[in-house]
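S.K.: These are the residues of each chain, in order.
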Amino acid sequence: EAGVAQSPRYKIIEKRQSVAFWCNPISGHATLYWYQQILGQGPKLLIQFQNNGVVDDSQLPKDRFSAERLKGVDSTLKIQPAKLEDSAVYLCASSLETGDYEQYFGPGTRLTVT
Amino acid sequence: GQSLEQPSEVTAVEGAIVQINCTYQTSGFYGLSWYQQHDGGAPTFLSYNALDGLEETGRFSSFLSRSDSYGYLLLQELQMKDSASYFCAVTGGGNKLTFGTGTQLKVEL
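Line by line, the protein sequences are chains A and B. For the first sequence, the residue numbers in my numbering are 1 to 114. For the second sequence, the residue numbers in my numbering are 1 to 109.
In short, the hints are calculated from the structure, not lab data. Every residue, glycine too, gets a C-beta built ideally from N, C-alpha and C. Treat the hints with care, as some may be off.
Claimed, not checked - Below, in silico cross-link-like pairs of lysine-lysine (BS3-like), each with a Cα-Cα straight-line distance of 27 Å or less:
#1 Lys106/B to Lys44/A
#2 Lys81/B to Lys44/A
#3 Lys78/A to Lys44/A
#4 Lys83/A to Lys62/A
#5 Lys15/A to Lys71/A
#6 Lys15/A to Lys62/A
As the list claims (entries may be wrong) - What follows is a set of in silico ranges between Cβ atoms, one per label pair, in the way DEER data are often shown:
#7 Val54/A to Thr23/B: 38 to 44 Å
#8 Asp63/A to Gln79/B: 45 to 51 Å
#9 Ser7/A to Ser65/B: 17 to 23 Å
#10 Gly1/B to Asp63/A: 18 to 24 Å
#11 Ala2/A to Ser67/B: 29 to 35 Å
Unchecked claim - Calculated Cβ distances over 10 Å to all of chain A for the following chain B residues:
#12 Leu4
#13 Ser83
#14 Phe87
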């Protein structure tokens, strides 16, 4: 069974530029999550999708971050414009259903904003 | 809101037993999970406790006391490959997972 795929693995941009991350969850997983992990901290949930609908985006900085999961499969997270404090690893995870306690994480995208 | 506390770092020798504690404050509680993350790697699920008591999976065990808002992860027969960060995480209201700040475990020879 293929795991959660993410790309790119690394990205370096200047502040005020835009960037997009892509995630393909495990086949058949209805729920998809985007987390932000700042160095030395635990992952923080940004947004949670159930199929192509948003379940929770309460911690997503909506003035600069957006995410979509149009066909209920893969997803894109965008930052525009980026700030220095956005430097972090962006992790995508999936689970069979919302409420499943076991989430499967992808390798993440390490973003550096200079 | 949710807050979780765990030690920032623990050091132990190969073959030993180590316990990583986690205390939490939460509005709404469904269960406590543990994840392992090696440097540069993805978090991987280790265990989940919804009810009080001990759950054992091989060398790893996890304990929960809901009345004390407390849990721990017990690692036995430590191996060098167990050197990693360990996160406790609460499934709370809205089935949202909130992670602690993580405990870095260093296993020494």
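S.K.: Hint by hint, note whether the structure agrees.
M.R.: Tested hints:
Proposed proximity of Lys106/B and Lys44/A is supported: the alpha carbons are some 24 Å apart, at most 27 Å. With a CA separation close to 26 Å, the supplied pair Lys81/B and Lys44/A stays within the 27 Å bound. The straight-line distance between the Cα atoms of Lys78/A and Lys44/A is roughly 16 Å, inside the 27 Å bound, and the hint therefore holds. Annotation: proposed proximity of Lys83/A to Lys62/A holds, straight-line Cα distance about 14 Å (limit 27 Å).
Taking the CA atoms of Lys15/A and Lys71/A, the gap is about 31 Å. The hint is violated against a cut of 27 Å. A threshold of 27 Å between alpha carbons decides the hint, and for Lys15/A with Lys62/A the separation of about 17 Å falls inside it, so the pair holds. Distance hint check: the CB atoms of Val54/A and Thr23/B are about 31 Å apart, inconsistent with the given range 38 to 44 Å. Checking the proposed 45 to 51 Å range against Asp63/A and Gln79/B shows it holds: the Cβ atoms sit about 46 Å from each other.
As the Cβ distance of Ser7/A to Ser65/B is approximately 42 Å, the hint placing it in 17 to 23 Å is violated. Range check, Gly1/B to Asp63/A: about 21 Å between beta-carbon atoms, so the 18 to 24 Å window is met. For Ala2/A and Ser67/B, the Cβ-Cβ distance of about 42 Å falls outside the hinted range of 29 to 35 Å, so the restraint is violated. Against chain A, the non-interface label of Leu4/B is violated: not every CB pair exceeds 10 Å, the least being about 8 Å.
For Ser83/B, the shortest C-beta to C-beta distance to chain A comes to about 16 Å, beyond the 10 Å cut-off, and the non-interface label holds. Some Cβ of chain A comes within 10 Å of the Cβ of Phe87/B; the nearest lies about 5 Å off, and the non-interface call is violated.
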